[in-house]
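Place chains B and C with the ligands on chain A using the hints.
Protein sequence lines, in the order shown, are assigned to chains A, B and C. According to this note's numbering, the residues represented by the first sequence are 55 to 382, in order. According to this note's numbering, the residues represented by the second sequence are 155 to 409, in order. According to this note's numbering, the residues represented by the third sequence are 446 to 653, in order.
If you are wondering where the hints come from, they were derived from the structure by calculation, not from laboratory data. A portion of the hints provided could be inaccurate.
Covered stretches of chain A (chain B as the covering partner; in silico rule of three or more C-beta atoms under 8 angstroms from a C-beta of chain B) [what the hints assert, rightly or not]:
#1 128-142
#2 147-155
#3 246-254
#4 302-314
25 angstroms max Cα-Cα, derived DSS-like pairs, lysine-lysine [claimed, not checked]:
#5 A:350 - C:456
#6 A:103 - A:77
#7 A:177 - A:288
#8 C:570 - A:286
#9 C:607 - A:376
#10 A:212 - C:598
#11 C:570 - A:90
Just so it is clear, the structure is predicted and the values come from calculations on it, not from any experiment. Glycine included, C-beta positions come from ideal geometry on N, C-alpha and C.
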Amino acid sequence: MYGGGNTFEATKFDNLAKEDPIKLDEFEARIAGGEKIEPADWMPVLYRKQLIRMIEQHAHSEIIGALPEGTWITRAPGFKRKLALMAKVQDEVGHAQLLYSAAETLGKSREDMMQDLINGRSKYSNIFNYPALTWADSTIISWLVDAGAIVNQLANSKGSYGPYCRALERICVEESFHLKYGHHAVIHLATGSKIQRQMVQEALNRWWPPMMHFFGPPDRISVHTEVLMKWKVKMATNDECRQQFLDMYVPKIWELRLSVPDPNLQKNEETRQWEYTEPDWEEFKRVINGDGPCNKERLAVRRMAEERGRWVRKALLTPDAKYVTPLA
Amino acid sequence: MDKVINKIALKELLYKTADDLLILGHRNSEWTGIGPLLEEDIAFSSMAQDKIGQSLAIYELLHDLGEADPDTVAFMRNAEQFHNCKFVELPIGEYEFSLVRHFLYDHSILLRFQQLSTSSCQPLAQIARKLVGELRYHIMHADLFIKKLGTGTDESISRLQTTLEQAIPFALGVFERSPQESDLISDLIFTGEDDLYTRWCHEITKVIESTALVLPQHNLSEAKTGGRIGQHTPHLQPLLDEMAEVLRLDPSTDW
Amino acid sequence: MALDSLDPRIKRCNLQEQRTKDFNSQPLDQLPTYEVFIQLKETKAFEHAGIVHAATPDMAFLFAKEQFSRRYTCTGMWVVPSDRVWVTAFSDLEENIYDQIDEMPAQEAGPEEDYEVFHLIQRGKQHQHVGRVTANSHLQALQKAKVRFNAGKPILNVWLIKINDLQTTNLEDHVIWSTLHEKTHRDVISYRAGDKLKQFKEKQQPDG
Ligand SMILES: [Fe+2]
Ligand SMILES: [Fe+2]
Ligand SMILES: [Fe+2]
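So that you can see chain A by itself, here it is in the shape it has in the complex (with noise of 0.2 angstroms):
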């Protein structure tokens, strides 16, 4: 994603027991020998309920980050940041539009799904409650978010569904360009004048937080998904998400001679791990939970969108033409 930190709904393996166990042993040789399921497969009630779930929540997750950034990119300055920014939230856009079709091949609508991203009944990625305050805000979203969604994306593209699996591929080709630009940004920024210095740093400051929640709780405190990561749905845990992002990422803010506002950030060179003050998990939840600075607004706004081209799409229907579940 965008949005590590997937909820998932607690599983038990007494939900299974309603499937067929044939097919079941098929279905999971299959995943265990490394081959994808694809739409037309026979799958247990439990993945297909979950897939649609973190699918559908990665797909909120790229329309709804579009609005953070998009706010910058009247303001960008210069052609060249301009044209940059434009292509960059055009193309999460694009990502939502690869991600919802990904899900609908597994039965749910896009309708649906925007209806339940308006209504509050599916979650996206905690990390774009927070404000883009400043220009070098929307410098560090293109490096550091973009970054850790990377780390996400490229786990779940070795997942077991095809057609996420091929979204992923396409969208992390175009992510690589996005981690480029971004972090070409706040290197001008980090290296330029005073001003921009300390604007990078401020923006860095309040994006730190959020960066750590990004990846969800713990591994001792979240949601136990084993089943989910035997049938490669969830590719990694959090903390092994988290751990690889700081390794990737640290040593690049540090050359920049920005400081990461976390007295206890180092890496313990015994254990391989990076060390950090656990972040508010009290605050993670409340904010997931409806009660962040900017969750009011990315409702709203998504809900203005849809209300606002509902004409257009009305007057777009042919009767005759119906819908029925894409292919892949």
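What follows is chains B and C with the ligands alone, placed relative to chain A:
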């Protein structure tokens, strides 16, 4: 360009074309992430990017002719130094307004570039020839949406009709003549706004006639002019301020 | 109360914070989907790329162009309504779907038509175009495809599309991709900042 031509007139032509594209590109980009349909959001954003890119190509040509660099020219001038028509600076409004503007304006810019592709100003002709390809997509898109929504539901037809009536006087402002246009015509740089206007009427009439819409009676004398000589609506300066907000924090540095 | 957004675009929309009505999109809003195939180079086969939602095939084509060919190169694009693709069963690994077609029930013969044939040879990959056959039914098309295209790796799944159902690119419309290779602002290569970083680090060295 070996022979002595009226450079001021040429620059004026370049400025107004580039300014139109820059401003409209910015306006259209405001739809990114809030369009009526995800696919349309993506298509509209691409076309906005194309427009900004097209303006950049022309500002680069102006730079070659001795003007300041593109970033300075595009983001450091005030409203009265802009030569865009008033049409492009109006807020995006509801989707029907942005769509009708896209339809009316893009037909004019495609014709302009088609005309300029045989201009005696070689570098300009080269840019124009290259851009007609991507503009063809813009026109395919605009025509299809006008046709679909212009024959869709009662609501879509009436929305488009109302907006068309409001937009036409502004659209006519695209063809505001420049003071030294006769020099451009005699130098074979550009065949002139009147010629463009005649062709444009023909093109948009063809499309409108295939819908339930009625093209309002129009006459160049009702055109909302003034944009080409730096007289603008109150909407332009705030937009320019926004576009330059970050750059102005420190114009001397590399962002 | 109007939402006080940091986003100037949103501010101009004068958005209200509270709405009492529950948001409800009518089922009518859902447009049909189209399957999209693209060709990256003239020498390459058309390959399935994904889907778009659209009202008509020509709209699907316009949407697909920006969703699936905004980068690199593209020499052609096909779109087809999702419900106009005829799909065989999915074969298991190592088993060829063509080996199972004798068991399929006979279909009523219609007029002769051209069909485009697509193969899937690996789960997780995209369906690829392999060629065209003329036949009087989908089943006959499949039989003919078996004779002509069944070579090499086992085929896991076959798609058949009548060419009359495919929206293809006109040659004169290919110019819409003519400036694609110049859209470098969408590419990684435009954002190299290694030199700037190196300079910065060298300047920092003495006190660092
Ligand atoms: Fe994304
Ligand atoms: Fe992002
Ligand atoms: Fe991204």
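Status of the hints after comparison with the structure:
1. Counting residues of the region 128-142 of chain A whose beta-carbon sits less than 8 angstroms from any beta-carbon of chain B gives 11, enough to reach three: the coverage restraint holds.
2. Under a criterion of three residues with beta carbons nearer than 8 angstroms to beta carbons of chain B, the stated coverage of the region 147-155 of chain A is upheld, 5 such residues being counted.
3. Requiring three or more residues with a Cβ within less than 8 angstroms of a Cβ of chain B, the coverage given for the region 246-254 of chain A holds, as 4 such residues are present.
4. Residues of the region 302-314 of chain A with a Cβ under 8 angstroms from some Cβ of chain B number 0, which does not satisfy the need for three, so the listed coverage is violated.
5. In summary, the hint linking residue 350 of chain A to residue 456 of chain C is supported, as the alpha carbons are separated by about 14 angstroms, within the 25 angstroms threshold.
6. Straight-line distance between C-alpha atoms of residue 103 of chain A and residue 77 of chain A comes to about 17 angstroms, which keeps the hinted pair within the 25 angstroms bound.
7. Among the hinted pairs, residue 177 of chain A with residue 288 of chain A is consistent with the structure: their alpha-carbon atoms are about 17 angstroms apart, no more than 25 angstroms.
8. Restraint check for residue 570 of chain C and residue 286 of chain A: satisfied, since their Cα atoms lie roughly 17 angstroms apart, inside the 25 angstroms limit.
9. For a cut-off of 25 angstroms, the pair hint linking residue 607 of chain C to residue 376 of chain A stands: about 19 angstroms separates their Cα positions.
10. A threshold of 25 angstroms between alpha carbons decides the hint, and for residue 212 of chain A with residue 598 of chain C the separation of about 23 angstroms falls inside it, so the pair holds.
11. About 9 angstroms separates the Cα atoms of residue 570 of chain C and residue 90 of chain A, which keeps this hinted pair within 25 angstroms; it holds.
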